[in-house]
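Student: Following the hints, put chain X in place on chain Y, whose structure we already have.
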Amino acid sequence: KAGVTQTPRYLIKTRGQQVTLSCSPISGHRSVSWYQQTPGQGLQFLFEYFSETQRNKGNFPGRFSGRQFSNSRSEMNVSTLELGDSALYLCASSLKESSGNTIYFGEGSWLTVV
Amino acid sequence: AQSVAQPEDQVNVAEGNPLTVKCTYSVSGNPYLFWYVQYPNRGLQFLLKYITGDNLVKGSYGFEAEFNKSQTSFHLKKPSALVSDSALYFCAVRHGRSNDYKLSFGAGTTVTVRA
Numbered sequence: 001k002a003g004v005t006q007t008p009r010y011l012i013k014t015r016g017q018q019v020t021l022s023c024s025p026i027s028g029h030r031s032v033s034w035y036q037q038t039p040g041q042g043l044q045f046l047f048e049y050f051s052e053t054q055r056n057k058g059n060f061p062g063r064f065s066g067r068q069f070s071n072s073r074s075e076m077n078v079s080t081l082e083l084g085d086s087a088l089y090l091c092a093s094s095l096k097e098s099s100g101n102t103i104y105f106g107e108g109s110w111l112t113v114v
Numbered sequence: 001a002q003s004v005a006q007p008e009d010q011v012n013v014a015e016g017n018p019l020t021v022k023c024t025y026s027v028s029g030n031p032y033l034f035w036y037v038q039y040p041n042r043g044l045q046f047l048l049k050y051i052t053g054d055n056l057v058k059g060s061y062g063f064e065a066e067f068n069k070s071q072t073s074f075h076l077k078k079p080s081a082l083v084s085d086s087a088l089y090f091c092a093v094r095h096g097r098s099n100d101y102k103l104s105f106g107a108g109t110t111v112t113v114r115a
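For the record, the sequence lines run as chains Y and X. Here my numbering is used: position 112 in the first sequence is 112, and no number is missing along the way. Here my numbering is used: position 1 in the second sequence is 1, and no number is missing along the way.
Hints in this document: simulated from the structure, not taken from any laboratory. It should be emphasised that the depicted structure is a prediction, and the values quoted were computed from it without experimental measurement. Please note: incorrect hints may appear among the correct ones.
[Stated by the list, open to error] Per the computed footprint, the stretches of chain Y lying under chain X, defined by three or more beta-carbons under 8 Å from a beta-carbon of chain X, are:
id	region
1	31-43
2	52-61
3	99-105
[Unchecked claim] Simulated restraints, written as ranges between beta carbons of each label pair:
id	chain 1	residue 1	chain 2	residue 2	range
4	Y	Gly42	X	Asn17	25 to 31 Å
5	X	Asn55	Y	Gly58	27 to 33 Å
6	X	Gly16	Y	Lys13	43 to 49 Å
7	Y	Ser86	X	Pro7	24 to 30 Å
8	X	Gly16	Y	Thr112	36 to 42 Å
9	Y	Ala2	X	Pro18	32 to 38 Å
10	Y	Arg67	X	Pro18	42 to 48 Å
11	X	Glu64	Y	Gly58	26 to 32 Å
12	Y	Glu52	X	Ser84	36 to 42 Å
[What the hints assert, rightly or not] Taking lysine to any residue and the SDA-like style, the derived pairs with C-alpha atoms no more than 25 Å apart in a straight line are:
id	chain 1	residue 1	chain 2	residue 2
13	X	Lys77	Y	Gly42
14	Y	Lys57	X	Ser3
15	Y	Lys57	X	Tyr25
16	X	Lys58	X	Ser104
17	X	Lys49	Y	Gly58
18	X	Lys69	X	Gly59
19	X	Lys49	Y	Ile26
Even for Gly, the Cβ is constructed at its ideal location relative to N, Cα and C.
The following block holds chain Y by itself, in its conformation from the complex (with noise of 0.2 Å):
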């Protein structure tokens, strides 16, 4: 069974540009989320989809977004990129919302803005 995929895997781009990472959750997995990993905020969490829905949102500003599509796939695209933006974004997803079901997380893509 594949896990969770994410693509790109690495890219850089510049200040003011926009970026949008895909992830494909494992199959079956209907549920959806997104983190962020830096060395100075640790992982911190963006949103979370279900069923094509936003359930849970973070605190990050409207630039940050996401969607998720009705084959689970979700995208989450950045806007008006800024040199803290960059990061490493993690998806992950499980079966369903429920609290006590196991997150597994993909590879990441690494971004880089300049």
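Tutor: What follows is chain X alone, placed relative to chain Y:
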């Protein structure tokens, strides 16, 4: 608000010795607790979780963790560490209440196992 604390930034042990990575949590209600490991330039790998039941949870790669409600702790342990266990370890908590599904992570503990 829920939170997780990993009081040690780094843990250094010799191969073959016991390994303990500490975690304490603060959450109202019943916690769902998780441990993940991250190798360099990789994503997070699930090790184990506590939902309910037996306080001693066994997970992947010989790791186990003990849930202690009175001390609000969920320490990760391995009886005999390997050099390959050197990595970054994260403790995480999820609220046991519906409509609050995000994981809150600790700051992480870097484990170094020397040969």
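Student: Could you run down the list of hints and mark each one as holding or not?
Tutor: Hints and how they fare:
1. 31-43: With 5 residues close enough to chain X, the hint holds.
2. 52-61: With 3 residues close enough to chain X, the hint holds.
3. 99-105: Coverage by chain X holds for the region 99-105 of chain Y (6 residues, Cβ < 8 Å).
4. Gly42/Y <-> Asn17/X: 25 to 31 Å: 27 Å, holds
5. Asn55/X <-> Gly58/Y: 27 to 33 Å: With a Cβ separation near 31 Å, Asn55/X and Gly58/Y satisfy 27 to 33 Å, so the hint holds.
6. Gly16/X <-> Lys13/Y: 43 to 49 Å: The hint (43 to 49 Å, Cβ to Cβ) holds, given that Gly16/X and Lys13/Y are roughly 46 Å apart.
7. Ser86/Y <-> Pro7/X: 24 to 30 Å: For Ser86/Y and Pro7/X the Cβ distance comes to about 28 Å; the hint holds.
8. Gly16/X <-> Thr112/Y: 36 to 42 Å: 40 Å, holds
9. Ala2/Y <-> Pro18/X: 32 to 38 Å: Holds, at about 36 Å.
10. Arg67/Y <-> Pro18/X: 42 to 48 Å: Holds: the Cβ-Cβ distance is about 46 Å, inside 42 to 48 Å.
11. Glu64/X <-> Gly58/Y: 26 to 32 Å: 31 Å, holds
12. Glu52/Y <-> Ser84/X: 36 to 42 Å: 40 Å, holds
13. Lys77/X <-> Gly42/Y: 22 Å, holds
14. Lys57/Y <-> Ser3/X: 17 Å, holds
15. Lys57/Y <-> Tyr25/X: 21 Å, holds
16. Lys58/X <-> Ser104/X: 21 Å, holds
17. Lys49/X <-> Gly58/Y: 23 Å, holds
18. Lys69/X <-> Gly59/X: 19 Å, holds
19. Lys49/X <-> Ile26/Y: 19 Å, holds
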